[in-house]
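Given the coordinates of chain A, assemble chain B onto it according to the supplied hints.
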Amino acid sequence: AAGVIQSPRHLIKEKRETATLKCYPIPRHDTVYWYQQGPGQDPQFLISFYEKMQSDKGSIPDRFSAQQFSDYHSELNMSSLELGDSALYFCASSSPGETQYFGPGTRLLVL
Amino acid sequence: AQSVTQLDSQVPVFEEAPVELRCNYSSSVSVYLFWYVQYPNQGLQLLLKYLSGSTLVKGINGFEAEFNKSQTSFHLRKPSVHISDTAEYFCAVSDGQGGSEKLVFGKGTKLTVNP
Numbered sequence: 065a066a067g068v069i070q071s072p073r074h075l076i077k078e079k080r081e082t083a084t085l086k087c088y089p090i091p092r093h094d095t096v097y098w099y100q101q102g103p104g105q106d107p108q109f110l111i112s113f114y115e116k117m118q119s120d121k122g123s124i125p126d127r128f129s130a131q132q133f134s135d136y137h138s139e140l141n142m143s144s145l146e147l148g149d150s151a152l153y154f155c156a157s158s159s160p161g162e163t164q165y166f167g168p169g170t171r172l173l174v175l
Numbered sequence: 319a320q321s322v323t324q325l326d327s328q329v330p331v332f333e334e335a336p337v338e339l340r341c342n343y344s345s346s347v348s349v350y351l352f353w354y355v356q357y358p359n360q361g362l363q364l365l366l367k368y369l370s371g372s373t374l375v376k377g378i379n380g381f382e383a384e385f386n387k388s389q390t391s392f393h394l395r396k397p398s399v400h401i402s403d404t405a406e407y408f409c410a411v412s413d414g415q416g417g418s419e420k421l422v423f424g425k426g427t428k429l430t431v432n433p
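Residue numbers (the working numbering), protein chains in the order written: chain A, 65 to 175; chain B, 319 to 433.
Among the hints, erroneous ones may be present.
As the list claims (entries may be wrong) - The calculated DSSO-like cross-link candidates involving lysine-lysine, where the alpha carbons are at most 27 angstroms apart (straight line), are:
(1) B:Lys367 <-> B:Lys428
(2) B:Lys428 <-> B:Lys376
(3) A:Lys116 <-> A:Lys86
(4) B:Lys425 <-> A:Lys121
(5) A:Lys121 <-> B:Lys367
(6) A:Lys77 <-> A:Lys121
Simulated from the structure, these hints should not be mistaken for laboratory data. These numbers were taken from a predicted model, which means no experiment stands behind them.
With the rest of the complex left out, here is chain A (with noise of 0.2 angstroms):
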């Protein structure tokens, strides 16, 4: 069965940089959910979208932006990075009322 793909997989910045992380959900999935897991902590909800509308939005800073494109896949922009935005970033998606399926995540590494 198809899951959800992220890429990329590993990346590496500097300081001050920006990153554009993508994802691609499970097909017929119309909602995308993007989570932040910083080193030994849980995930965090970041920003979610529902046929390409801004659903919910939790922790996010100003820094970052996202958006869900026509093909349903999704992409968060991340600008002036700092070290603390050192974290792996997952995607998750569903269809209305199902359960959320994760991606095996970004590894965002910042220098």
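Just chain B now, with coordinates in the frame of chain A:
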């Protein structure tokens, strides 16, 4: 606001022993509860979920959990663990039908199975 408390940050057990990982939740609305497992350097895999109906939920890899509304608990159990069960386990709650709203996770329990 919803919250989840995982009472044990680390649980060491011997192979073939039973294990229980504890989870308590708080929510002011209907709850949907989940257990996810994260193997080292991997993503989150759904173990099992409680949406409604029977309070005893069976999941993958021989795990099961019991929803107890009066005690606001959703403890995860396995009667006999294997070395391969070594992983981090996260309890999560959602107030969306089926988990379609954001998940709020506990801090995780690191299960270590020793030979």
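So, going through the hints one by one against the coordinates:
| no. | hint | in the structure |
| --- | --- | --- |
| 1 | B:Lys367 <-> B:Lys428 | holds, 19 angstroms |
| 2 | B:Lys428 <-> B:Lys376 | holds, 21 angstroms |
| 3 | A:Lys116 <-> A:Lys86 | holds, 15 angstroms |
| 4 | B:Lys425 <-> A:Lys121 | holds, 20 angstroms |
| 5 | A:Lys121 <-> B:Lys367 | holds, 24 angstroms |
| 6 | A:Lys77 <-> A:Lys121 | holds, 25 angstroms |
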